[in-house]
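Peer 1: In this text, residue positions in the sequence shown follow my numbering: the first is -19, and each later residue adds one.
Hints are computed from structural coordinates only; laboratory data are not their basis.
Small disclaimer: the values here were computed from a predicted structure and weren't measured.
Take these hints with a grain of salt, some might be off.
[Said to hold, decoys possible] Result set (DSSO-like, lysine-lysine): computed pairs, CA atoms no more than 30 Å apart in a straight line:
no.: 1; residue 1: K98; residue 2: K52
no.: 2; residue 1: K157; residue 2: K147
no.: 3; residue 1: K13; residue 2: K147
no.: 4; residue 1: K133; residue 2: K147
no.: 5; residue 1: K98; residue 2: K3
no.: 6; residue 1: K141; residue 2: K52
no.: 7; residue 1: K107; residue 2: K13
no.: 8; residue 1: K157; residue 2: K141
no.: 9; residue 1: K147; residue 2: K107
no.: 10; residue 1: K157; residue 2: K133
no.: 11; residue 1: K98; residue 2: K147
no.: 12; residue 1: K107; residue 2: K52
no.: 13; residue 1: K107; residue 2: K133
no.: 14; residue 1: K3; residue 2: K147
no.: 15; residue 1: K13; residue 2: K3
no.: 16; residue 1: K141; residue 2: K13
no.: 17; residue 1: K141; residue 2: K98
no.: 18; residue 1: K98; residue 2: K13
no.: 19; residue 1: K3; residue 2: K133
no.: 20; residue 1: K107; residue 2: K157
no.: 21; residue 1: K141; residue 2: K107
no.: 22; residue 1: K52; residue 2: K3
no.: 23; residue 1: K52; residue 2: K13
no.: 24; residue 1: K133; residue 2: K52
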Amino acid sequence: MTTTRPIVFFDVALGESALGRIKMELFNDITPKTAENFRQLCTGEQRHVADWEYLENSNSYRRVGNVPQGYKNSEFHRTSWSNKSIRSSTRPRSFPHTGGDFINGDGTGSYSIYGGAKFQDENFTVKHDQPGLLSMANSGPNTNGCQFFITCKETPFLDGKHTVFGKVVEGMLTLRKMENVQTGANNRPRIAVRVTRK
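Model the full assembly from the supplied sequences, consistent with the hints where possible.
Peer 2: Encoded structure:
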């Protein structure tokens, strides 16, 4: 039996200008739990209640704002700016584009579809051996959540620490455009690089 790998996509914008679409294949046959977490956050299937409203007439409460939980309108909080004439030696281009923190927007937020902020590493079968790989960003072992990164080149120093769960199948040009966005403190883009559609 052949497993069909799901395909998801992001439309990415720089400020208000469209950069392009990134289409990604998810390795649900290798990392099913990680791939499903990402897929559901891409589609917005996960929903949360924004607030409760008191109804005086019936002396009861109702849920308000059952909004999608996911990547739409989230920013890449770290990008790999490739201006070699300005880039310092502490800022190698090999650092991947990092995003997915729709909680705080700065790389400190975490959320998973599995009932908590974090879930365990699945495996490290696929290596970071090429550009365009989709991998979990984390703060140490077993701290996967909503944050992810996309490699810009081979990054073997990430092997055994971050779970690769997919790859870019279309949109490498969009990633290259992201490399031309100037960054400031903590490698944050000076102009927002945002997921506008997922």
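Peer 1: Against the 30 Å threshold, does the CA-CA distance of K98 and K13 hold or violate the hint?
Peer 2: holds, 12 Å
Peer 1: Below or equal to 30 Å on CA atoms is what counts here, so check K133 against K147.
Peer 2: Roughly 12 Å separates the two Cα atoms, so the pair holds.
Peer 1: Is K98 within 30 Å of K147, Cα to Cα?
Peer 2: holds, 22 Å
Peer 1: For K98 and K52, compute the direct alpha-carbon distance and say whether it is at most 30 Å.
Peer 2: Cα-Cα ~20 Å, so holds.
Peer 1: Is the straight-line distance between the alpha-carbon of K13 and that of K3 30 Å or less?
Peer 2: The hint holds at about 20 Å.
Peer 1: Quickly compare the C-alpha distance for K147 and K107 to 30 Å and report which way the hint goes.
Peer 2: holds, 12 Å
Peer 1: Please verify whether K141 and K98 have alpha carbons no more than 30 Å apart.
Peer 2: Between K141 and K98 the Cα gap is close to 15 Å, so the pair holds against 30 Å.
Peer 1: Just to be careful, I want the Cα atoms of K141 and K13 compared with a cutoff of 30 Å; is the pair within it?
Peer 2: Measuring from Cα to Cα gives roughly 17 Å; hence the hint holds.
Peer 1: With a cut-off of 30 Å on the C-alpha distance, tell me whether K133 and K52 pass.
Peer 2: holds, 26 Å
Peer 1: Can you confirm whether the C-alpha distance between K157 and K133 stays at or below 30 Å?
Peer 2: It holds: about 14 Å lies between the C-alpha atoms, which stays within 30 Å.
Peer 1: Given the proposed pairing of K98 with K3, does the C-alpha separation stay at or below 30 Å?
Peer 2: With Cα atoms ~25 Å apart, K98 and K3 stay inside 30 Å; holds.
Peer 1: Can you confirm whether the C-alpha distance between K107 and K157 stays at or below 30 Å?
Peer 2: Holds, at roughly 24 Å.
Every hint, counting from the list given before, is met by this structure.
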